[in-house]
Amino acid sequence: MSEENKLVRMANQIAAFFHTQPALDGPQEVADHINKFWEPRMRRALFALVENEGGEGLDGLVRQAVPLIRRPPAEAARGPTTPPPAAG
Amino acid sequence: MPLIREIDYGTPESRSEAMVTLTVDGREVTVPEGTSIMRASMEAGIEVPKLCATDMMDAFGSCRLCLVEIDGRNGTPASCTTPVAPGLVVRTQTERLKQIRRGVMELYISDHPLDCLTCAANGDCELQDMAGAVGLRDVRYGYEGENHIRARNNGEANPHWTPKDESNPYFAYDPSKCIVCSRCVRACEEVQGTFALTIEGRGFESRVSAGMHELFIDSECVSCGACVQACPTATLIEKSVIDIGQPEHSVVTTCAYCGVGCSFKAEMRGEELVRMVPWKDGKANRGHSCVKGRFAYGYSTHRDRILNPMIREKITDPWREVTWEEAYAHAASEFRRIQYQYGRDSIGGITSSRCTNEETYLVQKLVRAGFGNNNVDTCARVCHSPTGYGLGQAFGTSAGTQDFDSVEETDVVIIIGANPTDAHPVFGSRLKKRLRQGAKLIVIDPRRIELVSSPHIKAAHHLPLRPGTNVAVITALAHVIVTEGLSDERFIRERCDWAEFEDWAAFVSDPRYSPEATEALTGVPAEAVREAARLFATGGNGSIYYGLGVTEHSQGSTAVMAIANLAMVTGNIGRPGVGVNPLRGQNNVQGSCDMGSFPHELPGYRHISDDATRDVFEKMWGVTLNPEPGLRINNMLDAAVEGSFMGLYIQGEDILQSDPDTKHVSAGLAAMECVVVQDLFLNETARYAHVFLPGSTFLEKDGTFTNAERRINRVRRVMTPRNGFADWQVTQDLARAMGIDWNYSHPSEIMDEIAATTPSFANVSYDYLEEMGSVQWPCNDTHPQGSPIMHVDGFVRGKGKFIRTEYIATDEKTGPRFPLLLTTGRILSQYNVGAQTRRTDNVAWHAEDRLEIHPHDAENRGIRDGDWVRLASRSGETTLRALVTDRVATGVVYTTFHHPDTQANVITTDFSDWATNCPEFKVTAVQVAPSNGPSDWQLEYEDLSRKTRRIAGKLEAAE
Numbered sequence: 001m002s003e004e005n006k007l008v009r010m011a012n013q014i015a016a017f018f019h020t021q022p023a024l025d026g027p028q029e030v031a032d033h034i035n036k037f038w039e040p041r042m043r044r045a046l047f048a049l050v051e052n053e054g055g056e057g058l059d060g061l062v063r064q065a066v067p068l069i070r071r072p073p074a075e076a077a078r079g080p081t082t083p084p085p086a087a088g
Numbered sequence: 001m002p003l004i005r006e007i008d009y010g011t012p013e014s015r016s017e018a019m020v021t022l023t024v025d026g027r028e029v030t031v032p033e034g035t036s037i038m039r040a041s042m043e044a045g046i047e048v049p050k051l052c053a054t055d056m057m058d059a060f061g062s063c064r065l066c067l068v069e070i071d072g073r074n075g076t077p078a079s080c081t082t083p084v085a086p087g088l089v090v091r092t093q094t095e096r097l098k099q100i101r102r103g104v105m106e107l108y109i110s111d112h113p114l115d116c117l118t119c120a121a122n123g124d125c126e127l128q129d130m131a132g133a134v135g136l137r138d139v140r141y142g143y144e145g146e147n148h149i150r151a152r153n154n155g156e157a158n159p160h161w162t163p164k165d166e167s168n169p170y171f172a173y174d175p176s177k178c179i180v181c182s183r184c185v186r187a188c189e190e191v192q193g194t195f196a197l198t199i200e201g202r203g204f205e206s207r208v209s210a211g212m213h214e215l216f217i218d219s220e221c222v223s224c225g226a227c228v229q230a231c232p233t234a235t236l237i238e239k240s241v242i243d244i245g246q247p248e249h250s251v252v253t254t255c256a257y258c259g260v261g262c263s264f265k266a267e268m269r270g271e272e273l274v275r276m277v278p279w280k281d282g283k284a285n286r287g288h289s290c291v292k293g294r295f296a297y298g299y300s301t302h303r304d305r306i307l308n309p310m311i312r313e314k315i316t317d318p319w320r321e322v323t324w325e326e327a328y329a330h331a332a333s334e335f336r337r338i339q340y341q342y343g344r345d346s347i348g349g350i351t352s353s354r355c356t357n358e359e360t361y362l363v364q365k366l367v368r369a370g371f372g373n374n375n376v377d378t379c380a381r382v383c384h385s386p387t388g389y390g391l392g393q394a395f396g397t398s399a400g401t402q403d404f405d406s407v408e409e410t411d412v413v414i415i416i417g418a419n420p421t422d423a424h425p426v427f428g429s430r431l432k433k434r435l436r437q438g439a440k441l442i443v444i445d446p447r448r449i450e451l452v453s454s455p456h457i458k459a460a461h462h463l464p465l466r467p468g469t470n471v472a473v474i475t476a477l478a479h480v481i482v483t484e485g486l487s488d489e490r491f492i493r494e495r496c497d498w499a500e501f502e503d504w505a506a507f508v509s510d511p512r513y514s515p516e517a518t519e520a521l522t523g524v525p526a527e528a529v530r531e532a533a534r535l536f537a538t539g540g541n542g543s544i545y546y547g548l549g550v551t552e553h554s555q556g557s558t559a560v561m562a563i564a565n566l567a568m569v570t571g572n573i574g575r576p577g578v579g580v581n582p583l584r585g586q587n588n589v590q591g592s593c594d595m596g597s598f599p600h601e602l603p604g605y606r607h608i609s610d611d612a613t614r615d616v617f618e619k620m621w622g623v624t625l626n627p628e629p630g631l632r633i634n635n636m637l638d639a640a641v642e643g644s645f646m647g648l649y650i651q652g653e654d655i656l657q658s659d660p661d662t663k664h665v666s667a668g669l670a671a672m673e674c675v676v677v678q679d680l681f682l683n684e685t686a687r688y689a690h691v692f693l694p695g696s697t698f699l700e701k702d703g704t705f706t707n708a709e710r711r712i713n714r715v716r717r718v719m720t721p722r723n724g725f726a727d728w729q730v731t732q733d734l735a736r737a738m739g740i741d742w743n744y745s746h747p748s749e750i751m752d753e754i755a756a757t758t759p760s761f762a763n764v765s766y767d768y769l770e771e772m773g774s775v776q777w778p779c780n781d782t783h784p785q786g787s788p789i790m791h792v793d794g795f796v797r798g799k800g801k802f803i804r805t806e807y808i809a810t811d812e813k814t815g816p817r818f819p820l821l822l823t824t825g826r827i828l829s830q831y832n833v834g835a836q837t838r839r840t841d842n843v844a845w846h847a848e849d850r851l852e853i854h855p856h857d858a859e860n861r862g863i864r865d866g867d868w869v870r871l872a873s874r875s876g877e878t879t880l881r882a883l884v885t886d887r888v889a890t891g892v893v894y895t896t897f898h899h900p901d902t903q904a905n906v907i908t909t910d911f912s913d914w915a916t917n918c919p920e921f922k923v924t925a926v927q928v929a930p931s932n933g934p935s936d937w938q939l940e941y942e943d944l945s946r947k948t949r950r951i952a953g954k955l956e957a958a959e
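Chains A and B are the protein sequences, given in the same order.
Per the working numbering, the very first residue in the first sequence carries number 1; after that it's consecutive.
Per the working numbering, the very first residue in the second sequence carries number 1; after that it's consecutive.
For the record, the hints were derived by calculation from the structure and aren't laboratory data.
Honestly, I wouldn't trust all of these hints.
As the list claims (entries may be wrong) - Covered stretches of chain A (chain B as the covering partner; in silico rule of three or more C-beta atoms under 8 Å from a C-beta of chain B):
id, segment
1, 11-17
2, 20-26
3, 53-61
Claimed, not checked - Rough simulated footprint, nothing fancy, chain A against chain B, three-plus residues with beta-carbon under 8 Å:
id, segment
4, 43-55
5, 117-129
6, 543-553
Said to hold, decoys possible - Simulated pairs of lysine to aspartate or glutamate, EDC-like, Cα-Cα distance not exceeding 16 Å:
id, chain 1, residue 1, chain 2, residue 2
7, B, K433, B, E409
8, B, K433, B, E877
9, B, K440, B, E531
10, B, K433, B, D405
11, B, K801, B, D503
12, B, K663, B, E409
13, A, K36, B, D811
14, B, K280, B, D8
15, A, K6, B, D910
16, B, K98, B, E47
17, B, K799, B, D611
18, A, K36, B, D58
19, A, K6, A, D59
20, A, K6, B, D811
21, A, K6, B, E642
Cβ atoms here follow ideal geometry from the backbone N, Cα and C, with glycine treated the same way.
Chain A on its own, in the form it takes in the complex (with noise of 0.2 Å):
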């Protein structure tokens, strides 16, 4: 299964979850979830295949939930951080 396929999957699964519930705001439930636990890469591709590609199989809640995801930068930050100072 291609990482697109893979990403609707687990978008659509978390939807799903959040259909069941009586949350009055859903999209922002599923948006919650996936700012929680998706790494900005994932968070980026997602959009990248809302935005590119019309969202193909997505579920009608995580569209209506992408507005409310964080977007992350377009890059992810170049080099290693600077050593820190002693610590620990």
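Assemble chain B onto chain A, guided by the hints.
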């Protein structure tokens, strides 16, 4: 450092609150009602001679040595079977008693070999001690008469003589030394609960027998060693003691196998481990152990251990042994190069649930503070991450609610997706003990596990559900409880959010969750579900114990929430005997989660996006932390294949064997440019590694493990690390090579840092652990003694949260091509990926993984017991040998995953839990067919295995 000699009080402690005062040999002593005179005497410091009594078991009264005289009573009652009474005046040493005891000992010794000097128990023999204690000076009967000692008497074969049984790899049985005290038989019954031993024959013919006069290895014996520990003579004794001799010092430490976290005395002679003896003060195990903890430590000195660091450019190159400095420098420069080339987030680390809290803490600190990202994860990802999420949502904290002692007060137990007698054996024994006292058991498992029916244990209900339908079954149980009016409304009103309860109650009351409606998809008869639900709701203290059969599903987190709902709706939270108890797989998987091993959480389960928490660590570590969650293991592998994740530091974890969809894992690892593996052995993952850092065993380092009951136990070094360094030192040196200035000189300093940053550990220190023995977190100013039971006065999150748990079928479905469901599990003698236990004599019990298949399914396919079969799924195929058994239902097959050549994870898919990505190990659609031998993949893998394990200048290492 002397040998720890624990006091044997002779009979178990009484739990009565009423106290009784009596006089023993002129000393006044006050003890709980129900205490034996023997124990009361010992508490007064007077040791009454005894042979058949020991405080791990109930009094038996057979040896007639512990007799006493009581003023105003006739005769000489046995002090072990006589309870105390107010005002008793007891004499333990009188002329009459002396004579009787000497007479008894004289009879014992007349049929006992007099080879004390060359006997393995010399120096640790209660018979010898008692002969001395009673002043035995002569045996008037002589030694020539009938006896069990000699193979031949006066040239004739001796019918009473039986040869030694040395069939068990770890202990020997010499019937000629047996005094028939029955301690071994009673230990097997009362402590272990296996009932493998008995006394055969009567009178002088009486002898201890394993099973039906079988060899130990052929009997039902599970080799827990309780009988060996109980034996007062050399009749049952560890072969290691026969080989080495008696230990001279001992150190209390914690077992490194499962999540029960048993305390042991490591009994030593110099730096040689003579034997492991469970420690009676160990609060998880109370003096008991299993075959792994007691005996399976031989891997620590196995010749396969890698003791020198190694590096290589490509995985097809042979390994090259280098100095530690070279290995660190290479790893550090590669990690930095990768970060320059591919970005800061292109590397990460995996902490080990086998390592100590302190070591785990350092690895996540290295990733967060040194790598500058949060790409850190741990094996809990593939086992109990749904527990973390589910219980966090429902109760507000990610851990079991009870201590193991709690099982002693439970009345109804639900076991779901766990097999304690194999995977958590000491807990299994403690549970069996409670069941024999009358507690009721409900087993929810596709397979007929041992607890469903075994000697003196019978589950009230076994709900043999179809794999993947946990949520439907648990929700159906809740349906019955709510619709039949069995909810504990008072508890719910007081402790839970009432509106959420009402919503949930309406949800579960829907007829689609009635057992009658769910029967079609779960396969569990409706009536059985109804009866089980009624029993759980009305049977007294109800407790739920569960394992990976709950979590490793696409609805793992939902099932955990369903379990939490079930406990709350029946009011079974917040006191002894109840609760929700995840049985953790690895020795320190609880600890590794506590220590911030998850990519989204800092130590103490605090989200990385929380500014206040980050601030605490930023100040302590002197860095700025990334507020974004990092990659989970499976996401790391995805990112590697996609090209953005190129370096990984793996401490003590074998993801290639233990994680699902092996081909995906190997593709991910192969795509990386620098994989650093730190382990005892060249494990499966190491075939894709570029740097190998030798690891150390739990015997070689100081630290702490946290078990499934949140108990922080000390691990103490008993021997010098064979590789030279404890694992925390290796991580520290790697960090230093990366320019990070760490200067820990002892793990206690790391614990101090944990305590300073993590509120639930605030009062934990090595000094405090020394004083307390162990503590259960939270341990802080609110709970200075630690917390045996959680959520006592209220839930950590405030009000308990009921959450709707809609059943959503997994995408992994059976069909014409793959009509059977494969589920996986463990076996007693082997542990997880087997890296350790396969390198011990435990292979005597489980030399290969077998595929359990129901006789009907086997017959349809022309498969006989022991045949090679091909096991295929959508992901891949492998071969192994069949075991035809009705322990599994039709339509379900089962295997263990302890041997790497089985390649069980070639079969499992990359489906995972919706909330945590915990893989769906427990459900895979498969087909089974007869086969001639190993699959192409297995052969290819074997070839690759050989090639990638070469070390320059050495002969090929054998697995």
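Status of each hint after checking the structure:
Evaluation of the coverage hint for the segment 11-17 of chain A: fulfilled, as 4 residues show C-beta separations to chain B shorter than 8 Å, against a requirement of three. Coverage of the segment 20-26 of chain A by chain B holds [criterion: at least 3 residues with CB-CB distance below 8 Å; count 3]. Look at the segment 53-61 of chain A against chain B: 0 of its residues bring a Cβ nearer than 8 Å to a Cβ of that chain, fewer than three, so the hint is violated. Against chain A, the segment 43-55 of chain B contributes 0 residues with a C-beta closer than 8 Å to a partner C-beta. That does not satisfy the three-residue criterion, and the hint is violated.
With a cut-off of 8 Å between beta carbons, the segment 117-129 of chain B has 0 residues touching chain A; three or more are needed, and the interface restraint is violated. Counting residues of the segment 543-553 of chain B whose C-beta lies closer than 8 Å to any C-beta of chain A gives 0; at least three are required, and the coverage claim is violated. A distance of roughly 11 Å separates the Cα atoms of K433/B and E409/B; the hinted pair therefore holds under the 16 Å criterion. With a CA separation close to 42 Å, the supplied pair K433/B and E877/B exceeds the 16 Å bound.
Between the alpha carbons of K440/B and E531/B the distance comes to roughly 12 Å, so the proposed pair stays at or under 16 Å and holds. Between K433/B and D405/B the CA atoms are separated by roughly 12 Å; this keeps the pair inside 16 Å, and the hint holds. Between K801/B and D503/B the CA atoms are separated by roughly 11 Å; this keeps the pair inside 16 Å, and the hint holds. About 47 Å separates the Cα atoms of K663/B and E409/B, which puts this hinted pair outside 16 Å; it is violated.
In summary, the hint linking K36/A to D811/B is not supported, as the alpha carbons are separated by about 25 Å, beyond the 16 Å threshold. Restraint check for K280/B and D8/B: the C-alpha separation of about 10 Å stays at or below 16 Å, so the hint holds. Of the pairs offered as hints, the one joining K6/A and D910/B holds, with about 9 Å between alpha carbons and a cut-off of 16 Å not exceeded. For the proposed pair K98/B and E47/B, the alpha carbon gap of about 14 Å is at most 16 Å, so the pair holds.
A distance of roughly 25 Å separates the Cα atoms of K799/B and D611/B; the hinted pair therefore is violated under the 16 Å criterion. A threshold of 16 Å between alpha carbons decides the hint, and for K36/A with D58/B the separation of about 54 Å lies outside it, so the pair is violated. Taking the CA atoms of K6/A and D59/A, the gap is about 13 Å. The hint holds against a cut of 16 Å. Note on K6/A and D811/B: the hinted pairing holds, with a Cα-Cα distance of about 13 Å set against a maximum of 16 Å.
About 12 Å separates the Cα atoms of K6/A and E642/B, which keeps this hinted pair within 16 Å; it holds.
Violated hints for the displayed structure, listed by number in ascending order: 3, 4, 5, 6, 8, 12, 13, 17, 18.
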